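> Please construct the entire structure, taking both the sequences and the accompanying hints into account.
One letter stands for each residue in the lines below.
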Amino acid sequence: MSTQRFSCSLHNLEKISDFITACANNAGLSDVEVYAVQLAVDEAATNIIEHGYGQECPSRIDVTCEYLNDGLKIVIYDDAEPFDPSLVPEPAINVSLDEIKPRGLGIFLMRKMMDEVVYETSPDKGNTLTMIKHHKS
Amino acid sequence: MSTQRFSCSLHNLEKISDFITACANNAGLSDVEVYAVQLAVDEAATNIIEHGYGQECPSRIDVTCEYLNDGLKIVIYDDAEPFDPSLVPEPAINVSLDEIKPRGLGIFLMRKMMDEVVYETSPDKGNTLTMIKHHKS
Amino acid sequence: MDIQKTEFKRCTVVKTSGRIDGSNAHELAAALKAVTAKNMYNIVFDMTEVNFVASAGWWVLIDTQKTCKPSGELVLVKVDKGIRESLNLVGMGSYFCIFEDMTSAVGSF
Amino acid sequence: MDIQKTEFKRCTVVKTSGRIDGSNAHELAAALKAVTAKNMYNIVFDMTEVNFVASAGWWVLIDTQKTCKPSGELVLVKVDKGIRESLNLVGMGSYFCIFEDMTSAVGSF
Ligand SMILES: Nc1ncnc2c1ncn2[C@@H]1O[C@H](COP(=O)(O)OP(=O)(O)O)[C@@H](O)[C@H]1O
Ligand SMILES: Nc1ncnc2c1ncn2[C@@H]1O[C@H](COP(=O)(O)OP(=O)(O)O)[C@@H](O)[C@H]1O
Chain A
706 MSTQRFSCSL HNLEKISDFI TACANNAGLS DVEVYAVQLA VDEAATNIIE HGYGQECPSR
766 IDVTCEYLND GLKIVIYDDA EPFDPSLVPE PAINVSLDEI KPRGLGIFLM RKMMDEVVYE
826 TSPDKGNTLT MIKHHKS
Chain B
706 MSTQRFSCSL HNLEKISDFI TACANNAGLS DVEVYAVQLA VDEAATNIIE HGYGQECPSR
766 IDVTCEYLND GLKIVIYDDA EPFDPSLVPE PAINVSLDEI KPRGLGIFLM RKMMDEVVYE
826 TSPDKGNTLT MIKHHKS
Chain C
134 MDIQKTEFKR CTVVKTSGRI DGSNAHELAA ALKAVTAKNM YNIVFDMTEV NFVASAGWWV
194 LIDTQKTCKP SGELVLVKVD KGIRESLNLV GMGSYFCIFE DMTSAVGSF
Chain D
134 MDIQKTEFKR CTVVKTSGRI DGSNAHELAA ALKAVTAKNM YNIVFDMTEV NFVASAGWWV
194 LIDTQKTCKP SGELVLVKVD KGIRESLNLV GMGSYFCIFE DMTSAVGSF
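Chains as they are written, first to last, in my numbering: chain A, 706 to 842; chain B, 706 to 842; chain C, 134 to 242; chain D, 134 to 242.
These aren't lab readings, by the way, just hints derived from the structure by calculation.
Heads up, some of the hints might be wrong.
Pairs of lysine-lysine, DSS-like flavour, derived with a Cα cap of 30 angstroms [stated by the list, open to error]: (1) C:K138 - A:K720; (2) D:K171 - D:K202; (3) D:K142 - D:K211; (4) C:K171 - D:K142; (5) C:K142 - D:K199; (6) C:K148 - C:K202; (7) D:K202 - D:K214; (8) D:K142 - C:K148; (9) D:K171 - B:K806; (10) B:K841 - D:K214; (11) C:K138 - A:K806; (12) A:K806 - C:K171; (13) C:K199 - C:K138; (14) B:K841 - B:K720; (15) C:K138 - D:K148; (16) C:K148 - A:K817; (17) D:K211 - B:K817.
Note that the structure is predicted; figures quoted are calculated from it, not measured.
Encoded structure:
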């Protein structure tokens with residue numbers, strides 16, 4: 706298990722990616738699985754910085770990698786306002802180019818990319834997002 | 706000094722080229738000089754096969770490489786009908802695309818590519834073409 | 134973000150490298166807008182050296198595609214396997230022609 | 134002589150490799166005639182893997198250029214230094230646009 710703390714700037718997305726990429730490689734994930742983890746974590750961290758902290762950056766993001774027997778667990782913690790993902794509508798997928806409306810794909814992508822995505826929040830303890838990726842075989 | 710005999714088929718042009726390329730490289734010619742020798746010899750051999758022997762191929766071409774202190778001498782011998790290059794008109798060079806007439810560049814190219822080009826012919830002894838390429842420096 | 138543009142007779146090639154994410158997607162957007170602002174709607178986006186595209190990047194490309202069509206088109210070249218799979222997963226693969234090599238992409242216009 | 138043809142929207146790419154000399158120039162001529170016979174006069178000749186061109190080869194290319202112009206054009210890509218110098222020496226360099234890469238050549242049509 707390994708944790709790193711990042712200040713909440715979009716310019717840290719690459720550093721966060723470097724950290725979790727190393728973890729995903731160590732966990733023995735395949736190239737396509739590693740990319741899936743990179744994308745899910747990037748979308749999650751972007752949301753925290755843009756929506757959670759509203760680009761104000763008073764605080765930080767803690768990213769923890771934990772190796773599982775069959776893959777990788779990533780926990781992302783922030784202490785921004787509580788976020789309830791159940792209030793977010795499902796995006797419209799497979800619509801024509803004319804109809805597609807920008808934004809709203811991040812959480813959907815995270816769910817598609819990872820095997821488990823769990824948001825936990827409480828006013829006093831902040832937001833904890835747990836995502837798990839299993840190896841294919 | 707090294708001589709090789711080739712039967713007079715256009716399909717031997719590549720073998721002739723391989724032979725004189727090895728000589729030119731051994732003689733220490735630069736890449737551009739080697740290409741010049743390849744082109745001159747190819748044009749000469751093509752002329753002998755096409756015009757000298759008229760594609761009849763009753764005989765052969767002898768190619769001799771001789772290393773000079775300052776370059777390479779190539780002698781090409783055939784026993785086709787005597788050929789007198791002084792009867793060949795100079796090609797029109799630097800004319801527009803509309804005006805250019807096909808063929809007639811071979812001997813001109815040989816003279817441009819090599820430092821010396823000497824045709825000797827006699828009815829009983831055949832045609833001997835001697836070409837010399839000096840190194841640049 | 135280093136972005137190169139090359140104008141050909143019938144299309145403009147735009148190339149960048151590395152990551153396209155929330156921190157730099159606006160730079161790509163500006164570069165592409167500069168092309169379409171000149172009424173050049175045939176665009177080849179060379180992704181040979183792009184190794185990551187977050188949704189912020191896709192929105193930029195989708196926005197550009199909407200501007201280009203129907204008079205022109207934005208096509209993609211050399212899209213990495215992981216990137217391509219994520220695009221298909223969200224049903225966006227159908228918005229872009231993807232070419233395996235630059236010559237075919239430029240030759241399509 | 135192995136000759137590949139690839140048709141793009143505005144031009145046809147013709148590619149061969151090795152030597153073009155008196156023994157095989159007629160094969161190249163036939164391949165190029167097959168293109169112009171279909172009224173396709175924009176031709177890119179990919180010389181990346183051509184390492185020798187005798188005058189017999191140049192006559193084929195000049196002949197093709199005459200057929201292509203003025204409705205179209207035959208352009209050359211990646212012409213080896215020695216080949217290029219011999220072409221210039223006989224004043225034929227001016228008959229052909231020479232491109233350093235395939236994308237630029239195809240993008241010129
Ligand atoms: N960590 C977060 N904190 C607060 N709000 C969030 C967070 N993540 C997502 N949201 C909200 O959910 C919406 C949908 O998010 P998402 O699916 O990632 O798409 P996008 O970020 O492109 O809008 C966001 O627009 C935002 O309102
Ligand atoms: N070895 C040769 N034997 C007989 N005739 C030759 C020979 N070389 C050249 N010729 C004659 O000289 C002409 C010019 O030759 P050249 O300059 O090589 O151009 P091309 O071979 O393209 O006609 C030929 O057409 C041919 O009539």
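> Among all the numbered hints in the text so far, which are the ones the structure does not match?
Of the numbered hints given earlier, the structure breaks none, since each of them holds.
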